[in-house]
Amino acid sequence: MSKIGLIIKREYVTRVRKRSFIVMSVLGPILFASLMVVPALIAMSEDQEVKRIAIVDSSHLFMNIIPETKYLKFDYLHNARLNDIKETYSAGGYYGVLYISHIVASEPNSVIFYSDKQPNLATKMHISKAMENYIRDQKLKTYEIENLDNILKSVRTRINIRTIKITETGREKESHTGVAMAVGYAGGFLIYMFIFFFGAQLMRGVIEEKVNRIVEIIISSVKPFQLMMGKIIGIAMVGLTQFLIWIVTTFVLVSLATAVLFPELNMTPTQQVISQDIMSSGPVEENPQAPSEEMDELLGFLSNLKEINFALTLGSFIFYFLGGYLLYGALFASIGAAVDNETDTQQFMLPLTIPLILALLVLINTINNPDSSLSFWFSIIPFTSPIVMMGRLPFGVQNWEVGLSMALLIITFIGMTWLAAKIYRTGILMYGKKTSYKEIAKWIRHS
Amino acid sequence: MEIFKAEKVVKKFINTLALDQVSISVPKGSIYGLLGPNGAGKTTLIRIINQITAPDQGSLLFNGDKLRPEDIYRIGYLPEERGLYKKMKVGEQALYLAQLKGLSKKEAMSRLKLWFGKFEILDWWNKKIEELSKGMQQKVQFIVTVLHEPELLIFDEPFSGFDPINADMMKKEILALREKGSTIIFSTHNMGSVEELCDHITLIDKGRTLIEGDIKDIRDQYRSDTYEVGFQGEHDKLGKALNNHYQLLETSSEGDLLNAKIKLLHHTTENELLSLLIPAVHIISFNEVYPSMNEIFIRVVKDN
Chain V
0 MSKIGLIIKR
10 EYVTRVRKRS
20 FIVMSVLGPI
30 LFASLMVVPA
40 LIAMSEDQEV
50 KRIAIVDSSH
60 LFMNIIPETK
70 YLKFDYLHNA
80 RLNDIKETYS
90 AGGYYGVLYI
100 SHIVASEPNS
110 VIFYSDKQPN
120 LATKMHISKA
130 MENYIRDQKL
140 KTYEIENLDN
150 ILKSVRTRIN
160 IRTIKITETG
170 REKESHTGVA
180 MAVGYAGGFL
190 IYMFIFFFGA
200 QLMRGVIEEK
210 VNRIVEIIIS
220 SVKPFQLMMG
230 KIIGIAMVGL
240 TQFLIWIVTT
250 FVLVSLATAV
260 LFPELNMTPT
270 QQVISQDIMS
280 SGPVEENPQA
290 PSEEMDELLG
300 FLSNLKEINF
310 ALTLGSFIFY
320 FLGGYLLYGA
330 LFASIGAAVD
340 NETDTQQFML
350 PLTIPLILAL
360 LVLINTINNP
370 DSSLSFWFSI
380 IPFTSPIVMM
390 GRLPFGVQNW
400 EVGLSMALLI
410 ITFIGMTWLA
420 AKIYRTGILM
430 YGKKTSYKEI
440 AKWIRHS
Chain L
0 MEIFKAEKVV
10 KKFINTLALD
20 QVSISVPKGS
30 IYGLLGPNGA
40 GKTTLIRIIN
50 QITAPDQGSL
60 LFNGDKLRPE
70 DIYRIGYLPE
80 ERGLYKKMKV
90 GEQALYLAQL
100 KGLSKKEAMS
110 RLKLWFGKFE
120 ILDWWNKKIE
130 ELSKGMQQKV
140 QFIVTVLHEP
150 ELLIFDEPFS
160 GFDPINADMM
170 KKEILALREK
180 GSTIIFSTHN
190 MGSVEELCDH
200 ITLIDKGRTL
210 IEGDIKDIRD
220 QYRSDTYEVG
230 FQGEHDKLGK
240 ALNNHYQLLE
250 TSSEGDLLNA
260 KIKLLHHTTE
270 NELLSLLIPA
280 VHIISFNEVY
290 PSMNEIFIRV
300 VKDN
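Chains as they are written, first to last, in numbering that gives the first Met the number 0: chain V, 0 to 446; chain L, 0 to 303.
Check before you lean on any hint, since a few could be wrong.
[What the hints assert, rightly or not] Computed list of lysine to any residue pairs in SDA-like fashion (alpha-carbon distance at most 20 Å, straight line):
#1 L:K27 / L:G180
#2 V:K433 / L:G38
#3 L:K127 / V:V12
#4 V:K421 / L:I13
#5 V:K2 / L:D70
#6 L:K11 / V:I443
[Unchecked claim] Pairwise CB distance ranges (calculated):
#7 V:I410 / L:D198: 53 to 59 Å
#8 L:Q20 / V:T240: 50 to 56 Å
#9 V:Y436 / L:K179: 48 to 54 Å
Because the hints were derived from the structure by calculation, they are not lab data. Glycine included, C-beta positions come from ideal geometry on N, C-alpha and C.
All chains, full assembly: derive it from the sequences and hints.
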């Protein structure tokens with residue numbers, strides 16, 4: 000085995016066997032999966048408890064008009080007085096009281112919901128929509144139109160806006176803004192995290208070799224450059240391994256979680272397509288068991304997730320992760336070589352931290368506005384491109400831009416590594432003296 | 000035949016001239032002492048031999064040919080600042096370092112087992128380095144240095160950190176390696192070990208060579224024509240026997256055995272001295288006093 004291979008192997012094996020690696024591999028996916036599942040769970044959880052609502056209807060119009068759902072039940076209290084029921088609804092097992100005044104048809108603010116809890120938007124929408132539809136229908140009926148019921152059924156419409164992006168080649172491509180934002184942000188943020196996390200590991204590894212004084216033994220067998228590159232590549236492979244473990248287990252966990260927690264979502268794709276395609280023409284069945292709009296959205300999100308070009312996104316993620324890590328990794332390694340202990344690294348970390356944090360800030364802007372000139376330039380400049388370009392990619396980026404960004408990243412990586420190797424070579428054999436920027440500049444000039 | 004030769008090596012660092020026209024030639028099979036006070040440039044010279052740093056000027060020859068990168072496989076180096084990966088297991092680490100020196104895994108394994116057995120440390124194989132004492136770590140380090148059976152071994156302050164028992168063990172191992180044909184460069188400022196082990200030395204200070212050569216020649220060069228006489232009788236009688244061609248440096252006594260150190264002046268000989276002493280006292284021993292390396296070292300460094 001070549002020597003650089005031996006170094007890579009040692010870096011890889013000792014790190015992958017570490018307890019922290021195993022812990023991270025297990026915790027990471029749980030964290031990611033819960034980030035994806037928990038918000039959905041929270042959104043759904045309120046609907047999972049059955050809410051019984053008492054209705055005091057002074058208008059006597061809405062008897063059995065508001066449809067019940069799996070989680071919403073309504074009781075019409077005929078001879079109850081509002082003030083009495085307001086005191087006793089809780090004891091009677093009701094979630095709240097819906098009061099409808101007799102002037103409801105003319106005065107929009109005449110419906111009041113009393114409860115000690117805040118009803119969610121879906122509940123309010125459900126009630127108001129049903130009442131609006133009913134009043135509208137009743138008002139229409141006063142015009143005595145023939146065959147009104149059928150007309151009403153056929154005009155009832157649901158709208159789902161699908162966005163279709165026309166690409167340069169003229170091909171129409173369905174785009175999913177929300178999903179693109181999520182994927183772009185997640186990708187960029189992961190790269191940001193990985194660069195910092197594995198960059199710091201690399202730096203600590205170099206300091207460790209220096210502090211343990213093993214470095215001189217090693218560089219009497221291999222060139223300092225080989226040692227540095229071996230470490231950089233070895234840790235990159237650790238990062239990739241961790242990432243793959245995360246991807247696979249997150250995928251498994253999310254699939255498991257959705258299967259267990261949201262069995263409703265396990266619809267076949269054809270059913271989904273049908274539910275999306277019921278547009279304009281056919282009447283919608285008034286089916287209280289049909290998925291709520293929220294459900295639809297979640298379904299749409301998950302199905303859109305499937306439609307994002309994962310191979311391409313994953314491929315460019317790996318490229319930008321490696322490119323970004325290699326670019327910064329060499330610099331992290333040279334910082335490790337320049338200092339005697341970790342506390343001294345602070346002053347040298349700043350020039351690396353600033354572009355990374357800047358990139359993260361631009362990333363947030365980018366997912367809202369992927370084609371702005373700010374996003375464009377930051378996705379071309381090599382020090383920020385790995386993070387910012389990840390934010391742009393899911394929205395579709397022209398090939399030449401990606402090509403330019405990648406080429407610049409590679410060129411800068413080579414340049415930085417060359418520079419870092421000079422610092423590294425001198426630094427690893429320097430002990431005791433606190434290093435300054437001036438000193439490092441001398442090392443670069445003289446080696 | 001020299002195994003290693005450096006000619007007029009110059010190495011500048013940013014603000015200092017670390018080596019100024021330093022030349023050494025290390026005869027094959029010798030134990031070569033590289034001496035000098037701290038900061039003299041010893042470590043820089045050693046790093047140049049190991050190709051860790053490159054000289055600015057000068058030529059380096061290994062076995063008569065220009066020093067090549069592959070030659071590091073034929074050199075073993077134990078640096079002064081030495082350590083191992085603390086969290087790594089002893090056996091694994093030794094295997095790794097041996098493979099870096101070009102041994103195959105299988106070969107490294109069988110040689111390591113042999114050495115570990117010899118030092119009776121086989122049961123450390125799966126221990127982490129941080130669990131070992133400093134002396135134990137040094138043993139592992141020594142094994143790793145010599146495992147690839149290099150032709151040239153370089154030890155930088157090898158005995159620092161060893162207790163006397165282990166230091167003695169190392170000394171024996173170094174001598175055994177020489178018997179097997181290795182050449183040893185030995186950097187130190189511990190003059191006791193130099194006298195005991197080295198047959199050639201070079202003394203450098205502030206980047207310049209002060210003395211170089213066979214240790215016997217050097218001592219001859221610095222001999223001071225002083226003789227130590229052991230005798231029975233009286234100090235006064237001895238003193239009176241000497242004329243102004245001799246200088247009585249010091250006297251001492253141990254029971255009824257007396258001692259005197261006498262320096263010959265004006266090209267007189269030891270025989271002439273003896274002929275003066277024999278009638279005066281009863282002579283028991285008569286030796287030339289050689290300057291110790293320590294004395295030479297201090298004298299030469301001070302004179303510079």
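Query raised in the report: Could one say that the CB atoms of Q20 of chain L and T240 of chain V fall in the range 50 to 56 Å?
Result: holds, 53 Å
Query raised in the report: Within 20 Å, alpha carbon to alpha carbon, are K11 of chain L and I443 of chain V?
Result: holds, 15 Å
Query raised in the report: Has the given pair, K2 of chain V with D70 of chain L, been kept, meaning a C-alpha gap of at most 20 Å?
Result: holds, 15 Å
Query raised in the report: Do the alpha carbons of K433 of chain V and G38 of chain L lie within 20 Å of each other, as the hint requires?
Result: holds, 19 Å
Report task. Decide if the proposed pair is consistent with the structure: K421 of chain V and I13 of chain L, CA atoms, cutoff 20 Å inclusive. Result -> The hint holds at about 14 Å.
**Report entry** K179 of chain L and Y436 of chain V - C-beta distance against the hinted 48 to 54 Å
**Finding:** holds, 50 Å
**Report entry** Restraint status (C-alpha distance of K27 of chain L to G180 of chain L at most 20 Å)
**Finding:** Judged against 20 Å, a Cα distance of about 8 Å means the pair holds.
Query raised in the report: If you check the beta carbons of I410 of chain V and D198 of chain L, does the distance land in 53 to 59 Å?
Result: For D198 of chain L against I410 of chain V, whose Cβ atoms are near 56 Å apart, the range 53 to 59 Å holds.
Query raised in the report: Holds or violated: are the alpha carbons of K127 of chain L and V12 of chain V at most 20 Å from each other?
Result: The given pair, whose Cα atoms are some 15 Å apart, holds under the 20 Å limit.
The structure is consistent with each of the numbered hints, conforming to all of them.
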